[in-house]
Amino acid sequence: MAKVLMKGNEAIGEAAIRAGCRYFFGYPITPQSELPEYMSLHLPKAGGVFLQAESEIAAINMVYGASGSGARVMTGSSTPGIALKQEGISYIAGAQLPCVIVNMMRGGPGLGSIQPAQSDYNQSTRGGGGGDYRLLAYAPASVQEMVDYVQLAFDKADEYRNPVLVVGDGVIGQMMEPVEFRATAASDLPPKDWATTGTGGKRPPNIINSLYLDAEELERHNIHLAEKYNRIKENEQRWESVGLEGAELVIVAYGTTARIAKSAMENLNRQGKKIGLLRLITLWPFPEKGFAELDEATKDLLVVEMSMGQMVDDVRIVNEGKRGVHFVGRSGGVIPSTALVEEKILEILERSE
Amino acid sequence: MAVVFERTKGLTPISTHYCPGCTHGIIHRLTAEAMEELGVLDQAIGVAPVGCSVLAYKYFNCDMHEAAHGRAPAVATGIKRVLPDKFVFTYQGDGDLASIGTAEIVHAAHRSENISVVFVNNAIYGMTGGQMAPTTLAGQRTTTSPLGRDPAHAGYPIRISEMLATIPGATFIERVAVDSPANVRKAKRAIKRAFEIQLEGKGFSLVEVLSTCPTNWGIEPPNALKWLKENMIPYYPLGNFRDATKEEVSDGQ
Ligand SMILES: Cc1ncc(C[n+]2csc(CCOP(=O)(O)OP(=O)(O)O)c2C)c(N)n1
Ligand code: SF4
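From first to last, the protein sequence lines are chains A and B.
Residue numbering for the first sequence follows the working numbering, beginning at 57 and increasing consecutively.
Residue numbering for the second sequence follows the working numbering, beginning at 5 and increasing consecutively.
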C-alpha cells in the first residue's frame, strides 16, 4: 500500500481499526483528542461503536465490560486521564482481559501542562493501580512505528490476556509523517472461550472477576500472573541499538527524545567521537537483553528523558554499577535540544579522560 | 404431589453468605425469577457490585462480571454496546450506586443505555460494617454517624429514584420494598417490567428496592422489616416515578 501522510493520533485510530478494534471509549484531553475524534467518525463506518464516556473512570470500565464480552477494544488519554484509569486497569489486569490503552503523555504533576513530556515512565512501568500487576508498554518513536505497534499491541493483548499500553508524547501525537498500513501477520490466537456472551444454554456461566477472598487462592492467582509476566519479560523485550560497537558512551532514550539523541549522536560521531544509542521500544519489559550487548569499551551511559529522570533508575539497576550512569533532560513540556545532549556528552567524555 | 414452590433456575444451587434475615436474598430471588420467566437466562450477562452483594456473580445462574465499586453501569454499558441483543443487568447497593457511582448511574440513564438496574437501598454500608450511606436517614445512627445523621453536617439522604426520574433517558423508574408479602409481589412485577422494557429495546430501567440490614441496623429481622416500613417508606415513598412507555401512549391519544 502507498504511504499516506497522517497525524500521529489519527494514525493510531486507523491502525486500531485495521487491527480489528471495533470499540473505543474515551474522554477528551489534549494532546490526544484527535484520536477519539477520528474514532467517532471512522469506527461507525467500520461497524463499530465510539462512545464518549462521562469520565476516564467510566471509559476504562466500559473497556472492562467490552473486553470481558470478547471485543477488541481501546481507550486513549493523556497523563491526568491515565491517572484516573488506574483502578480500572488494575481490575482488567486482575481479571486477565485484553485491551489497548494509549497514553499521549503531557507535563505533570497535577494538571501540569498540555506540552509533550515523558514523565509517566514510572506510571507506565510500575502502574498506579493496586496489586501485583504489569502492563506490556510500547514506546514508539515515529508515526509509522506507532501504527505498527498499535496493531501488534492488540495481538499481544489477546495472546497474554493482559492490557497493553502504547505510550507516546505530545510530539508523536501531533506530528505528521508518511505511514504505510501493513497487513498484520495472521496470528494464531486462542479462542476467547472465557468471554461473557450469554451461555446460550450450551455451557456453564462464565465469570469475569478479580476477587479472590481466600488468601491462598489469591496468592495462587498472583503466582500465575507472575509466571505470565516472566514469559512477557523473556519474549517481548524490544529495543533498537545503533553504533554500540566500540562506543565510548551510549545514550539511552525512547520516543521523541531518542530521535533528538540520535541527531546528537550523529553530529558527534561526525566529529570523530564514538557514541552509540540504545533506544527502548518496550518500557516494560525493560530491554535488559539490549544492555547485555553493550561493548566492553563503553564507559558511560547517558539517559535522556523529557522528565526530571525516571527511567534512569531502571538503567542503574540493569547497569549493576559497571559504568557511569548520567542523566540529562528537560521537563514541564520543554523538549531537550540536540545541543543540550551534545554538551552533556562532551562534558562526560572530558571528565572520564 | 403438586409442586407449589421450586428454586428458580436463575440462581445457582449454593447457599448465599447473606446474614440471616437480610433481604438481599429475596431480591436475588425476584431478579432471578424474572429472568427465568422471561426466558433470558441463557442470554443474560449480569454485573455485580462491590458491597454485600459482591458475590452475586456466584449466585446468579448466568454469565457475570464483577465490577469495581460504583462502576457497574459503565461495565454494563461496555457489555451492552458489544452485545446489543443480549440481556444486561446490574445489581447494586446504595453506597455503590448512590455515592461512589453516581456519575456512572446518572450518565447511563442519560444515554438511556438499554440495560436494567436492580438498586438495593438499605440505608447503610453493609459490607464495611455499618457506616453512613448517602441514603442513611436523618437521625439514623451508624458507625460514622454515631450520634445520628445530622443533615446540617452530612446533608439529607439522597432520593435516587426521584432524581433519575427527571432524566429524559430514564425510561422506567420505580421504587418498591420487600417488607411484606404484598410488597414482595409488587417488587417482582416492577423488576419484571423493567426487564421487559430492555427486551423491548426501550432503554434504561431501574428498580429501587428498599431492603433491610438487620446486622448493621442492630435490629432483629422481623423488627427490621417493621423499621423499614415505619422509617424508610415515609421518606422514600413507593411507586412508579417514570414510565416513558406509558407517556408515549398518552401522548398519542
Ligand atoms: C474504591 C473502593 N472504595 C471503598 C471500598 C470499600 N467498600 C466496600 S463495600 C462498600 C460499601 C457498600 O455499601 P452498599 O453499596 O450500600 O452495599 P451493601 O453492603 O449495603 O449491600 C465500601 C465503601 C471499595 N471496595 N472500593
Ligand atoms: S451486613 Fe447487612 S446487607 Fe450485608 S448481608 Fe448482612 S444484613 Fe445483609
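Careful, some of the hints might be misleading.
Dumping the calculated BS3-like pairs for lysine-lysine here, alpha-carbon to alpha-carbon at most 25 angstroms [stated by the list, open to error]:
| id | chain 1 | residue 1 | chain 2 | residue 2 |
| --- | --- | --- | --- | --- |
| 1 | B | K62 | A | K248 |
| 2 | B | K206 | B | K62 |
| 3 | A | K258 | B | K206 |
| 4 | A | K289 | A | K258 |
| 5 | A | K248 | A | K284 |
| 6 | A | K258 | B | K190 |
| 7 | A | K378 | A | K212 |
| 8 | A | K355 | A | K284 |
| 9 | B | K190 | B | K206 |
If you're looking for bench data, these hints aren't it; they were derived computationally from the structure.
All values reported here derive from a predicted model rather than from experimental measurement.
Outcome of the hint check:
no. : hint                 : verdict
1   : K62(B) with K248(A)  : holds (21 angstroms)
2   : K206(B) with K62(B)  : violated (29 angstroms)
3   : K258(A) with K206(B) : violated (28 angstroms)
4   : K289(A) with K258(A) : violated (37 angstroms)
5   : K248(A) with K284(A) : holds (17 angstroms)
6   : K258(A) with K190(B) : violated (33 angstroms)
7   : K378(A) with K212(A) : violated (34 angstroms)
8   : K355(A) with K284(A) : violated (35 angstroms)
9   : K190(B) with K206(B) : holds (21 angstroms)
Of the numbered hints stated above, those contradicted by the structure are hints 2, 3, 4, 6, 7 and 8, listed in ascending order.
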